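Residue numbers (UniProt numbering), protein chains in the order written: chain A, 1 to 641; chain B, 1 to 354.
Everything labelled a hint here was simulated from the structure, so no lab data went into it.
One should not assume that every hint holds.
Said to hold, decoys possible - Here are the simulated lysine-lysine pairs, PhoX-like style, with alpha carbons at most 20 angstroms apart:
# : chain 1 : residue 1 : chain 2 : residue 2
1 : B       : Lys-74    : A       : Lys-43
2 : B       : Lys-144   : B       : Lys-162
3 : B       : Lys-162   : B       : Lys-112
4 : A       : Lys-43    : A       : Lys-57
5 : A       : Lys-44    : B       : Lys-74
6 : A       : Lys-373   : A       : Lys-548
Unchecked claim - So these bits of chain A aren't anywhere near chain B, every CB distance computed over 10 angstroms:
#  : residue
7  : Lys-48
8  : Leu-62
9  : Lys-213
10 : Lys-241
Stated by the list, open to error - What the simulated footprint calls covered on chain A by chain B, stretch by stretch (three residues with Cβ under 8 angstroms from a Cβ of chain B suffice, anywhere in the stretch; the number is not a length):
#  : region
11 : 152-166
12 : 470-477
Predicted, not measured: the structure shown is a model, and the values here were computed from it.
For every residue, glycine included, the Cβ atom is placed at its ideal position computed from N, Cα and C.
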Amino acid sequence: MKYKRLCIILVACLLVFTASIPSYALALKDDGTIDLYEVFSNKKDRMKTEVGSRIFKWSMHLPDDAIVYKSDKVNYFNMYTESYRSSVSLEVIKNEQKYTLEDILYSKQMNNPDSYYWYFSQKEFTFNIEQDAQGEKYIRIVKMDPFYDYYLVDDAAEEFSSYIENRIYIKNDYIYNLEISMEGKYYRENPEMFRKLVSSLILDYDENNPYLKELSDSVSEHRDYENTSYGWRITVNPYWKEEGISNARVQHFTAVYSHEEIYGSDESDNEKEADFNNYQSFREGITVSLVSSALPTETSEDWAQEEIEKLQQNYNDKVYEVLISEKMNLGNMDAYRVKVKYNTVPKNPYIVDTLYVIGNGYKYSVVANIPVKKYNEAKTREAFETMLKSFKLTNQRSKYLGKILDPTSLINWNDSKEIKTKKYNFNANLTKNWHTYDSFYSGGYGYYDDYYYYDTYYYSGMSNQESVSAYQKDNNMNLMMMAGFDTRNFDDIIKNYVQALLETDEVRIGLANIEVSSATVGTVNIYRIITEYDLDAINQFAKADETKSYDYNSISNQYTYAVKIGNDLYTQTVTIPLANTTDHTKNEMQQVWENTQIVGVNYNQRITNWNKHNNSKFQDTQQDFLLEDFSSFEELAKLIY
Amino acid sequence: MKKFIALLMIITVVFVQPLAVFAEDTAVGTQKNVEALVKDIIEEMLNQGKEDQQVAKLVDEINQSVVAIIGRNKSYREQDYVYSKMPSNLQHGSGVVITSNGQIITNNHVVKDMEEIYVVMYDGKAYSAQLLYNDEEIDLALIKINRSELKPVELETADNVKVGNTVIAIGTPLYFGYRNSASKGIISGLNRPVDQTYTYLQTDASINPGNSGGPLINMSGKLVGINTLGYMFYSGMNFAIPVENVSYFLDHYNQFGRIRRCYTGIQFEENWAAMLGIPTDQGLRVVTLREDAVVTSDQLQEGDILEAIDGVKTSSIAAYNEILKRHLPGNQVTLTFSRDNEDFDIKVTLKERY
Numbered sequence: 001m002k003y004k005r006l007c008i009i010l011v012a013c014l015l016v017f018t019a020s021i022p023s024y025a026l027a028l029k030d031d032g033t034i035d036l037y038e039v040f041s042n043k044k045d046r047m048k049t050e051v052g053s054r055i056f057k058w059s060m061h062l063p064d065d066a067i068v069y070k071s072d073k074v075n076y077f078n079m080y081t082e083s084y085r086s087s088v089s090l091e092v093i094k095n096e097q098k099y100t101l102e103d104i105l106y107s108k109q110m111n112n113p114d115s116y117y118w119y120f121s122q123k124e125f126t127f128n129i130e131q132d133a134q135g136e137k138y139i140r141i142v143k144m145d146p147f148y149d150y151y152l153v154d155d156a157a158e159e160f161s162s163y164i165e166n167r168i169y170i171k172n173d174y175i176y177n178l179e180i181s182m183e184g185k186y187y188r189e190n191p192e193m194f195r196k197l198v199s200s201l202i203l204d205y206d207e208n209n210p211y212l213k214e215l216s217d218s219v220s221e222h223r224d225y226e227n228t229s230y231g232w233r234i235t236v237n238p239y240w241k242e243e244g245i246s247n248a249r250v251q252h253f254t255a256v257y258s259h260e261e262i263y264g265s266d267e268s269d270n271e272k273e274a275d276f277n278n279y280q281s282f283r284e285g286i287t288v289s290l291v292s293s294a295l296p297t298e299t300s301e302d303w304a305q306e307e308i309e310k311l312q313q314n315y316n317d318k319v320y321e322v323l324i325s326e327k328m329n330l331g332n333m334d335a336y337r338v339k340v341k342y343n344t345v346p347k348n349p350y351i352v353d354t355l356y357v358i359g360n361g362y363k364y365s366v367v368a369n370i371p372v373k374k375y376n377e378a379k380t381r382e383a384f385e386t387m388l389k390s391f392k393l394t395n396q397r398s399k400y401l402g403k404i405l406d407p408t409s410l411i412n413w414n415d416s417k418e419i420k421t422k423k424y425n426f427n428a429n430l431t432k433n434w435h436t437y438d439s440f441y442s443g444g445y446g447y448y449d450d451y452y453y454y455d456t457y458y459y460s461g462m463s464n465q466e467s468v469s470a471y472q473k474d475n476n477m478n479l480m481m482m483a484g485f486d487t488r489n490f491d492d493i494i495k496n497y498v499q500a501l502l503e504t505d506e507v508r509i510g511l512a513n514i515e516v517s518s519a520t521v522g523t524v525n526i527y528r529i530i531t532e533y534d535l536d537a538i539n540q541f542a543k544a545d546e547t548k549s550y551d552y553n554s555i556s557n558q559y560t561y562a563v564k565i566g567n568d569l570y571t572q573t574v575t576i577p578l579a580n581t582t583d584h585t586k587n588e589m590q591q592v593w594e595n596t597q598i599v600g601v602n603y604n605q606r607i608t609n610w611n612k613h614n615n616s617k618f619q620d621t622q623q624d625f626l627l628e629d630f631s632s633f634e635e636l637a638k639l640i641y
Numbered sequence: 001m002k003k004f005i006a007l008l009m010i011i012t013v014v015f016v017q018p019l020a021v022f023a024e025d026t027a028v029g030t031q032k033n034v035e036a037l038v039k040d041i042i043e044e045m046l047n048q049g050k051e052d053q054q055v056a057k058l059v060d061e062i063n064q065s066v067v068a069i070i071g072r073n074k075s076y077r078e079q080d081y082v083y084s085k086m087p088s089n090l091q092h093g094s095g096v097v098i099t100s101n102g103q104i105i106t107n108n109h110v111v112k113d114m115e116e117i118y119v120v121m122y123d124g125k126a127y128s129a130q131l132l133y134n135d136e137e138i139d140l141a142l143i144k145i146n147r148s149e150l151k152p153v154e155l156e157t158a159d160n161v162k163v164g165n166t167v168i169a170i171g172t173p174l175y176f177g178y179r180n181s182a183s184k185g186i187i188s189g190l191n192r193p194v195d196q197t198y199t200y201l202q203t204d205a206s207i208n209p210g211n212s213g214g215p216l217i218n219m220s221g222k223l224v225g226i227n228t229l230g231y232m233f234y235s236g237m238n239f240a241i242p243v244e245n246v247s248y249f250l251d252h253y254n255q256f257g258r259i260r261r262c263y264t265g266i267q268f269e270e271n272w273a274a275m276l277g278i279p280t281d282q283g284l285r286v287v288t289l290r291e292d293a294v295v296t297s298d299q300l301q302e303g304d305i306l307e308a309i310d311g312v313k314t315s316s317i318a319a320y321n322e323i324l325k326r327h328l329p330g331n332q333v334t335l336t337f338s339r340d341n342e343d344f345d346i347k348v349t350l351k352e353r354y
């Protein structure tokens with residue numbers, strides 16, 4: 001009993017003592033001597049007096065009051081400092097053309113200022129090549145802003161003009177252009193302050209300098225990124241960052257620097273090759289999206305299999321390869337991974353590595369897009385894979401996040417849908433797979449919706465034209481139906497059109513075939529003109545010649561039907577990108593023609609026989625046709641790119 | 001020559017005539033008037049001198065109770081494209097000491113998003129402050145520093161606050177280096193419905209960003225308001241939380257540890273005239289009832305008009321809140337409504353809004 005009481009007293013004393021600690025601590029530091037500079041300074045950066053970039057190898061003085069604006073890569077840097085009354089900018093660009101200082105000096109001097117408005121020009125007073133304290137040679141340009149001469153008389157302009165000096169260096173395979181502009185009056189009174197700033201630029205980055213602030217250090221390490229609106233988290237790779245606003249429904253992450261910039265140019269051969277084949281039809285990086293709400297019975301595997309089926313239906317099997325299709329073990333998430341290699345641009349194939357995740361009642365997709373060249377670099381591939389696999393679901397979601405219906409599950413895509421021209425009796429019965437351009441939402445410009453969505457295309461050689469169009473989403477098929485007044489002879493129209501097609505280089509060398517057929521129904525003539533590219537032949541051709549490159553998403557096979565009734569010409573054209581030309585898409589195309597009516601007649605049902613024409617009959621020995629002749633009912637340019 | 005002399009004489013006579021009249025007037029009138037005028041001017045100058053001295057003395061005394069408040073605003077996301085050793089998210093305001101043991105009153109919007117609150121006194125000493133209580137609706141906060149023997153400001157009684165009273169605003173406008181800046185003006189108006197919450201006191205004393213939370217003092221050196229907001233780009237249109245609301249906030253805090261705000265659960269819509277400040281007898285239109293409303297849907301329906309509370313007419317939500325402010329949860333009030341031009345009363349027991 002005695003011990004119990006003692007115990008209680010001890011505990012009570014301990015509690016009183018513990019409770020008094022915060023107030024004692026507060027009293028200790030709270031004698032009114034708090035230094036707010038210490039309090040508000042960033043502890044990590046408090047001692048920094050220099051600023052620079054490890055990647056682009058430079059550093060310079062950082063005044064304590066400086067405000068720095070920088071590009072993502074920190075290859076463009078702008079700093080304003082009130083204590084020096086100066087603004088400093090530094091631009092670093094790759095010296096791809098291997099310029100010398102003399103080349104740049106010549107180029108700068110020979111730039112004819114007469115070609116510019118006066119306010120773009122500057123008054124240079126010095127244009128010289130000099131050497132700095134580190135022994136680096138540079139172009140020194142001293143100049144003034146002509147603005148003051150416009151408003152002020154000579155002496156006043158000289159008095160008030162800012163003092164501007166450029167120093168242009170070439171080092172580390174980069175061109176560095178430093179420009180410092182100091183208030184004129186301040187410069188005249190404190191030239192040594194200007195010299196302090198301008199001479200502080202060093203074209204090197206000292207990793208051991210504790211006073212040096214690396215401007216990319218906010219992204220130089222792995223960081224956790226959490227999307228608190230949609231409930232997920234991912235570990236962002238060093239030197240990667242998110243694009244756009246945070247907490248977006250579709251959040252994109254991308255590398256700030258290229259492989260060469262981070263790791264040096266030891267794989268320069270790859271980079272050089274990429275230089276002229278660097279066209280990318282995709283957005284490199286990783287994109288996380290909340291797609292929609294999930295049904296209780298839905299699994300990630302079902303979802304992924306649906307996507308694979310869609311791919312198989314809509315992509316030519318020669319332009320893709322499914323590398324991985326497997327269930328993933330990522331914590332307790334229901335995840336499925338599908339990795340596909342696309343050869344739609346054979347010179348620059350790419351990988352699409354997708355994680356399908358279902359959790360928290362939602363469907364999430366995490367998609368990594370990587371060029372194969374980079375995928376083959378071990379470090380880059382590892383960076384993508386690590387980040388992809390770091391995806392996790394969290395319970396931190398916006399309180400407003402509710403049900404997001406997947407509209408694809410609400411529509412019966414086989415339901416019929418009619419499109420037709422208004423003035424001409426020309427219509428086609430399609431399925432709902434065909435989308436027309438939305439006219440129910442004007443993007444907030446309701447007053448102008450007629451203007452923005454007036455579905456009309458104009459072609460010369462034809463008047464009173466009218467057109468309607470539609471497209472399919474998963475395979476980029478396009479349908480264009482056009483009618484108009486054209487008094488030219490039908491055979492001449494076709495001849496001119498086909499002649500132009502036959503003149504294209506790819507047709508001439510056998511990479512594409514033109515097939516022209518015609519049929520007659522009563523007194524009405526119908527032409528069918530098919531332009532189809534030979535994927536194998538193009539592959540071979542491009543393989544043999546490094547300078548030739550094709551994007552199979554941009555090259556389209558084209559199927560045109562033309563009918564002339566009286567002086568009215570009716571054309572219907574379906575284009576299918578070469579990458580998307582499959583039995584399924586060709587069948588979709590065929591269905592369009594089979595369900596088309598012109599002036600109330602379905603000509604397809606009445607055609608008994610197509611007569612195939614020899615292309616030589618369209619090849620004119622005289623090359624005197626005008627451009628307008630073949631652009632009359634279709635833009636020829638669409639054929640190639 | 002003769003003609004010229006004659007002309008000159010005529011002109012001289014014509015122009016000298018008014019001088020005589022003017023001279024006569026001064027001469028007759030009025031040595032006394034001049035003396036009175038001079039006396040008045042001297043008296044005015046002496047008074048002005050006295051007032052100047054009084055204002056200077058007052059500002060000097062009150063300054064000891066006025067503080068500057070600074071801290072980092074934690075609600076802003078740092079932007080990666082900007083770097084500076086200077087913290088970009090500092091925000092500051094003003095405050096006034098109300099107890100000798102370090103309690104300071106300020107605006108809620110000054111300290112609400114601050115990571116840590118720091119107070120800088122008139123003598124330049126800086127203290128870490130603790131947030132005791134804040135209320136977003138009334139826009140007041142009570143903080144405390146660990147310093148004793150401070151000189152608190154005295155609160156004026158609401159009845160002594162009159163339109164036309166000379167007032168002095170003291171605070172930290174715009175730049176932290178401008179701490180304890182004083183500006184003088186008058187009370188331009190009372191009971192101004194600036195927002196839909198409570199009414200404000202209007203003054204033409206200069207109030208700028210950074211003055212928020214600072215005191216508005218009358219010539220007796222007493223607090224008549226807490227400077228809170230003003231119209232940008234217009235002159236002399238500034239507003240302070242009136243001292244009766246400050247007292248309400250402090251009384252409730254001291255008694256209950258929080259504001260015990262009354263609640264009816266009836267949602268109202270203001271009429272457009274009230275929103276534009278046009279005098280009107282129109283009451284507040286009932287929009288909906290919350291689940292825990294003090295009346296039932298049998299008693300009240302959408303479209304009914306609240307005409308008065310305990311016989312006091314109300315046509316704005318700010319005025320409605322001002323009436324409820326005089327009560328405590330649990331009090332009974334009579335709400336007078338009208339429907340189809342027929343008035344009816346409902347006696348309700350006010351609930352507490354948390």
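Evaluation of the provided hints:
1. Among the hinted pairs, B/Lys-74 with A/Lys-43 is consistent with the structure: their alpha-carbon atoms are about 17 angstroms apart, no more than 20 angstroms.
2. The suggested pairing of B/Lys-144 with B/Lys-162 is violated, with an alpha-carbon distance near 31 angstroms, which exceeds 20 angstroms.
3. Under the criterion of a C-alpha separation no larger than 20 angstroms, the hint pairing B/Lys-162 with B/Lys-112 is inconsistent with the structure, at around 31 angstroms.
4. A distance of roughly 25 angstroms separates the Cα atoms of A/Lys-43 and A/Lys-57; the hinted pair therefore is violated under the 20 angstroms criterion.
5. Restraint check for A/Lys-44 and B/Lys-74: satisfied, since their Cα atoms lie roughly 18 angstroms apart, inside the 20 angstroms limit.
6. Restraint check: the Cα-Cα separation between A/Lys-373 and A/Lys-548 comes to about 18 angstroms, which is no more than 20 angstroms; the hinted pair holds.
7. Some Cβ of chain B comes within 10 angstroms of the Cβ of A/Lys-48; the nearest lies about 7 angstroms off, and the non-interface call is violated.
8. Chain B draws A/Leu-62 into its interface by the beta-carbon criterion, the shortest separation being 7 angstroms against a cut-off of 10 angstroms.
9. Listed as outside the interface, A/Lys-213 is inconsistent with that label: its C-beta sits roughly 8 angstroms from the nearest C-beta of chain B, within the 10 angstroms cut-off.
10. For A/Lys-241, the non-interface assignment is contradicted: its Cβ lies about 7 angstroms from the closest Cβ of chain B, within the 10 angstroms cut-off.
11. For the region 152-166 of chain A, the assignment as covered by chain B is violated, since 0 residues bring a beta-carbon within under 8 angstroms of that chain's beta-carbons and 3 are needed.
12. For the region 470-477 of chain A, the stated coverage by chain B is violated: 0 residues have a C-beta nearer than 8 angstroms to a C-beta of that chain, whereas at least 3 were required.
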